[in-house]
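S.K.: The residues making up each chain are set out below.
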Amino acid sequence: MAITEAKKMTTLQVKRFKPSENPTNTFLTDEKGVWAWMTTVDHKKIGIMYLVAVAFFFALAGFLAIALRTELWTPAKTFIEADTYNQLFTLHGAMMVFFVLVPSIPAALGNFILPMQLGAKDVAFPRLNLASLYIYVAGAIFTFAALASGGFDTGWTFYTPYSSDGNGAGVIWVTLGVFILGFSSILTGTNFITTIHKLRAPGITWDRLPLNIWALYATSIIQVLATPVLAITILLLSFENIMDIGIFDPALGGDPVLFQHFFWFYSHPAVYIMIVPGFGIISEVISTFSKKTVFGYWAIALSSLAIAFIGFLVWGHHMFTSGQSAVATTVFSFLTFLVGIPTGIKIFNWIATLYRGSIDMKTPMLYVFIFLFLFSIGGFTGIMLGALSVDIHLHDTYYVVAHFHYVMMGGTLIALLAGLHYWWPKMTGKMYNEKLAQISAVLIFIGFNMTFLPQFIMGAQGMPRRYYNYIDQFTPFHQTSTIGSYILGVAFLIILYYLVKSLFSGEKAPSNPWNSRGLEWQSTSPPDFHNFDHTPVVINGPYDYHKPMEEFQLGLAVSHEGHDAEHAPAEVDTTEEKA
Amino acid sequence: MGRLFDFMLPDNKSPLTADSTDGLFHFINEVSLIFLVGITIALIYFAIKYKRKSEDDKTPVITHNNTLEITWSVIPLLIVMVVFGWGYSGWLNLKAVPNDAYEIQATGYKWNWNFNYENGAQTLNELHVPKGRPIKVVMQSRDVLHSFFIPDYRVKHDVVPGRYTYVWFQAEETGESVIFCTEYCGTSHSDMLAKVIVHEPNEFEQWLELNGGGIQGTPVEQGEQLVSLQGCQTCHSIDGSPKIGPTFKGIWEREQQLTDGSTVVVDENYIRESILYPGNKVVAGYQNVMSPYEGRLSDDEITNIIEYLKTIN
Ligand code: HEM
Ligand SMILES: [Cu+2]
Ligand SMILES: [Cu+2]
Numbered sequence: 001m002a003i004t005e006a007k008k009m010t011t012l013q014v015k016r017f018k019p020s021e022n023p024t025n026t027f028l029t030d031e032k033g034v035w036a037w038m039t040t041v042d043h044k045k046i047g048i049m050y051l052v053a054v055a056f057f058f059a060l061a062g063f064l065a066i067a068l069r070t071e072l073w074t075p076a077k078t079f080i081e082a083d084t085y086n087q088l089f090t091l092h093g094a095m096m097v098f099f100v101l102v103p104s105i106p107a108a109l110g111n112f113i114l115p116m117q118l119g120a121k122d123v124a125f126p127r128l129n130l131a132s133l134y135i136y137v138a139g140a141i142f143t144f145a146a147l148a149s150g151g152f153d154t155g156w157t158f159y160t161p162y163s164s165d166g167n168g169a170g171v172i173w174v175t176l177g178v179f180i181l182g183f184s185s186i187l188t189g190t191n192f193i194t195t196i197h198k199l200r201a202p203g204i205t206w207d208r209l210p211l212n213i214w215a216l217y218a219t220s221i222i223q224v225l226a227t228p229v230l231a232i233t234i235l236l237l238s239f240e241n242i243m244d245i246g247i248f249d250p251a252l253g254g255d256p257v258l259f260q261h262f263f264w265f266y267s268h269p270a271v272y273i274m275i276v277p278g279f280g281i282i283s284e285v286i287s288t289f290s291k292k293t294v295f296g297y298w299a300i301a302l303s304s305l306a307i308a309f310i311g312f313l314v315w316g317h318h319m320f321t322s323g324q325s326a327v328a329t330t331v332f333s334f335l336t337f338l339v340g341i342p343t344g345i346k347i348f349n350w351i352a353t354l355y356r357g358s359i360d361m362k363t364p365m366l367y368v369f370i371f372l373f374l375f376s377i378g379g380f381t382g383i384m385l386g387a388l389s390v391d392i393h394l395h396d397t398y399y400v401v402a403h404f405h406y407v408m409m410g411g412t413l414i415a416l417l418a419g420l421h422y423w424w425p426k427m428t429g430k431m432y433n434e435k436l437a438q439i440s441a442v443l444i445f446i447g448f449n450m451t452f453l454p455q456f457i458m459g460a461q462g463m464p465r466r467y468y469n470y471i472d473q474f475t476p477f478h479q480t481s482t483i484g485s486y487i488l489g490v491a492f493l494i495i496l497y498y499l500v501k502s503l504f505s506g507e508k509a510p511s512n513p514w515n516s517r518g519l520e521w522q523s524t525s526p527p528d529f530h531n532f533d534h535t536p537v538v539i540n541g542p543y544d545y546h547k548p549m550e551e552f553q554l555g556l557a558v559s560h561e562g563h564d565a566e567h568a569p570a571e572v573d574t575t576e577e578k579a
Numbered sequence: 001m002g003r004l005f006d007f008m009l010p011d012n013k014s015p016l017t018a019d020s021t022d023g024l025f026h027f028i029n030e031v032s033l034i035f036l037v038g039i040t041i042a043l044i045y046f047a048i049k050y051k052r053k054s055e056d057d058k059t060p061v062i063t064h065n066n067t068l069e070i071t072w073s074v075i076p077l078l079i080v081m082v083v084f085g086w087g088y089s090g091w092l093n094l095k096a097v098p099n100d101a102y103e104i105q106a107t108g109y110k111w112n113w114n115f116n117y118e119n120g121a122q123t124l125n126e127l128h129v130p131k132g133r134p135i136k137v138v139m140q141s142r143d144v145l146h147s148f149f150i151p152d153y154r155v156k157h158d159v160v161p162g163r164y165t166y167v168w169f170q171a172e173e174t175g176e177s178v179i180f181c182t183e184y185c186g187t188s189h190s191d192m193l194a195k196v197i198v199h200e201p202n203e204f205e206q207w208l209e210l211n212g213g214g215i216q217g218t219p220v221e222q223g224e225q226l227v228s229l230q231g232c233q234t235c236h237s238i239d240g241s242p243k244i245g246p247t248f249k250g251i252w253e254r255e256q257q258l259t260d261g262s263t264v265v266v267d268e269n270y271i272r273e274s275i276l277y278p279g280n281k282v283v284a285g286y287q288n289v290m291s292p293y294e295g296r297l298s299d300d301e302i303t304n305i306i307e308y309l310k311t312i313n
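Quick mapping for you: the protein sequence lines, in order, are chains A and B. Counting in the working numbering, the first sequence runs from 1 upward without gaps. Counting in the working numbering, the second sequence runs from 1 upward without gaps.
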C-alpha cells in the first residue's frame, strides 16, 4: 500500500509480546463448574460446547448410517422393517445436515477461532452468541419430540404432499425444530458479520484478513439471507398441516412444485453454508504446513463471495425432473456451471501454494490432501449432475447420494477434521497422538472411498436412492459399500479415543506447535480468558512466512496491559512499508 | 465402440433418447479423469519433492500469477460451456416427442403403476410397447409425488398430483426393462417397480387386441380383475396373511375394530366407504395410508369389487 494513499496513518506504540509457554491463567482455569459454562459468554467455551453438541449428533447420525448400511447388506429385509428404514434415513439426513454440517465449522470451530484471528476479545454480541447455542438445543429438543410422537419418514427434504397429508405430528415437530434451529444460524451469522467489520485488531486491513475469516464472512452472508426463506417455508408447511390451508398440497388446491422451489431456495445456498467454511480451514492449514504465502489470496477470498452470491441463483438444479418450466431449467443449468468455476479456481490455487513450499505431512495437512482428492471428485460429479440430459438419468439415484457424500463428507467433514486437528492444541492445550491420528486418517480415506465409490457405479446403472429393497444385480455394490462404512466407523472410534485420551494424558502443547504466522497462534495454549493479555497489532499478512516471527508478536504498548515488562516498546506504524 | 466408463451404464435400449446422454456422460467422465489424475500427481509429486527438510526452510514469496490464473479459469469455463450446450441439446431432444408417437396413459399411486391403452386395455405394473416406434407415456399421480424412471432408456420424470407430465422413448430391441419409482413415496417406495415389455409390432397388435375392451365377465370376475388391476393386492392379501392393510380373506361380515374404539360389521356400505374415503374409518392396528379411490372407480366397479370380496373366504 503506497504511503501517498489518502489513508489514515496512525502511529501506535507497540512492543513485542511473546506468548508464555506455561500459562497459569487460561480460559479453562478462569471460570469453572457446570453453571459457569452454561452461563458463559466466552466465545471459546461456547465454541467448545457447540463442538461437543455437534460431535454428539454426528455420533448419533453416524450410528444410524451404520444401521442403514447394515440393512442394505441384502435386498428386502436384513434386520429392520421398511418403515423403520425410512425413518432412519430421514433422521440420518436431517441430523447430518441441520445439526452437524450447518453449525459444525462456523458455530464450533469458527466461534473459537474467529475472534482470535481478529485479535478481538470476543464476538461483537457475546450474549447473542450464548442465545444461539440455546436455540440450537431447543431445536434439538423439538426433533426428539418428533421422534417421541411417532417419528417422521419424509426424507430431510420434506417434499409435499407426502409431508403434508396424514403424516402425523412427527413432521410438525421436526419442521418446527428446524425452524427454531434456523434462528441459531441467523444469530451466528449476524454476530460474525458485525465482529469482522468492527472488532479487527489494529493493522488487520481487509487485505490482511485470514482466508478463514473471508470464508466465514461469505458463509455468514448466506446464513443471514437464506435461512429466513427456510423459516417461512416451514411456517407455510405447518399452516397447511395444522389448518388445512392449501399451499403445497394439490388436494387442497396447492402446488407441490412450489414447495420444492422454496425448499431449495434455502437448501442450495445451505450447501455453501456447509462447504465454504471448509474452504477457509483448507487455506489456513495448507499455508501453515507448507510455510508459504497462499497463492492467489484475492482469487480465493473473492471466489468465496462469488460462490455465495451465484449460489443463490442455482436452486432449480435440484428440480430438473420436477416439471418446472423449460426456461427455468435452462437458466439454472447454465448458472450451475458458472458456480463451478470459482470452486475449481480454489483447488488450483491451493495446489499452486504447495509449489516450492516446505511441506510437512502432519495430520491436518494429510486431511487437506484427502480433502483435495475427495472434493475434486465431488466437484466433477457435480458438473455431471449439472448437465441437463445426464441429470435426467442420474437424478434421485445413488449417483446423487455418492456425489453429496463426496462433497459433504469428503469436503466439509474432512475439512472439519483438518481444522480440529490443527487447532486442537490451541483449544485444549494438549497434543494428540500423531501416529494414531495418521492411521485413522488413512483408514477414513480407504473406508470412505470403499463406501461411496461403488455408489457412483450402481447409481449410474439405475439404483434409485431411498430404497429399502433393491434388485439383485446391485448386491455386490451394496455389500462393498457396507463393509466400507464399517471401516469408517472404526476410524472415527479411533479418533474419538485418542482425542479424549489427549485431554487426560496428552503432551502439553506449545503456544505455536506448527510455527504458524496466524494471529491465533500468538496466544497461549489454551488461550487466556480474553484471548490475548494485550491488544495485538498486526503489520503483516497472515501468511507472510518470509517475515520473522517477532513481527507477528506485537501488541499495544500500554503500560497497564501485558505482564512482560522486559520488552521495551518499539515504534511501528500500521502500514506495511515500515515492516 | 467400447469406452472406458461403459461399465457404469446399463444397456442402451433406446438410442434415440440415450445416445446423447451417454456421449456426454462419457465425455465428462473422461475429461474429469484427466483432471483428477493431474491433480493427484501434482499433489503427490509436490508432497515428495518439497518435503520439509528443516524447520528453518525458506520458501519463495509467490503471491499470484495472472497468466496462470486466467488460463486455469478460462479453460475449465470453455469446457463447462461445451458440457452445458451438449446437455441442453440432449435435454431438448428428451422433451421433443416425435409426432407419430404412440400414446399410453400411466397412473402412479402408492405403490403401483397402471397403464391404459387407447382401446381400453389396462395393465398393472407392465408397460407393453411395440419395438421401433416412439412411445409417449403420459403420467399422472393419484396421491403423492412419484417419479417414472427407465434406466435402459435414460428417461425419467416426476409424476405430480394435479398435473400431467410425460416421457418418450423408442425401444429398439424386444425384451424387458425395469421401471423404478425414484421419488420417495412412503413405505413400499422401493417396491414400486414395473417393467417395460417390448414386443415385435405385430405381436403387440395381437396383445392389444386380446386385452382390448377392458374388463369383462360376471360381476365377481370383473371385481377380481379390478382388485388385481388397481393394485389392491399390494396392501391386501387374499390368503389371510397380514400386509400393509387387513387381509381380504373372510372380510365379509367380519367384525372390525376401528382406531376410534368403535366396531363395525363389514357390509356393502362400509366397504364402499373404505374404498372411496379410507380415512373416515381406519381399522385398528393399521396406518391411514390407503389413498382415496374417489373419482377413480365408478359405482358399478365398486359394486363388482364388493361382489368379489364376498367370495373370498
Ligand atoms: C458428514 C457426513 C454425512 C452427511 C452430511 C450425510 C448426509 C446424508 C443425507 C443428506 C442423506 C439423504 C437422506 C435422505 O435422502 O433424506 C444421507 C443418506 C444416507 N447416508 Fe449419509 N451422510 C453422512 C455420512 C454418512 C456415512 C458415514 C454413511 C455410511 C456409513 C452414510 C450413509 C448413508 C445412507 C445409507 C443413506 C441413505 C441412502 C438412501 O436410502 O437413499 N452417510 N446422508
Ligand atoms: Cu444445489
Ligand atoms: Cu416412490
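Incorrect hints may appear among the rest.
As the list claims (entries may be wrong) - Now the stretches of chain A that chain B is said to cover, found in silico as 3 or more residues with beta-carbon under 8 Å:
1) 146-159
2) 245-258
3) 323-335
4) 546-553
It is worth saying that the hints were derived from the structure and are not from the lab. Quick reminder that beta carbons are idealized off the backbone N, C-alpha and C, glycines included.
S.K.: Just pull the numbers of the violated hints for me, sorted ascending.
M.R.: Violated: hint 4 alone.
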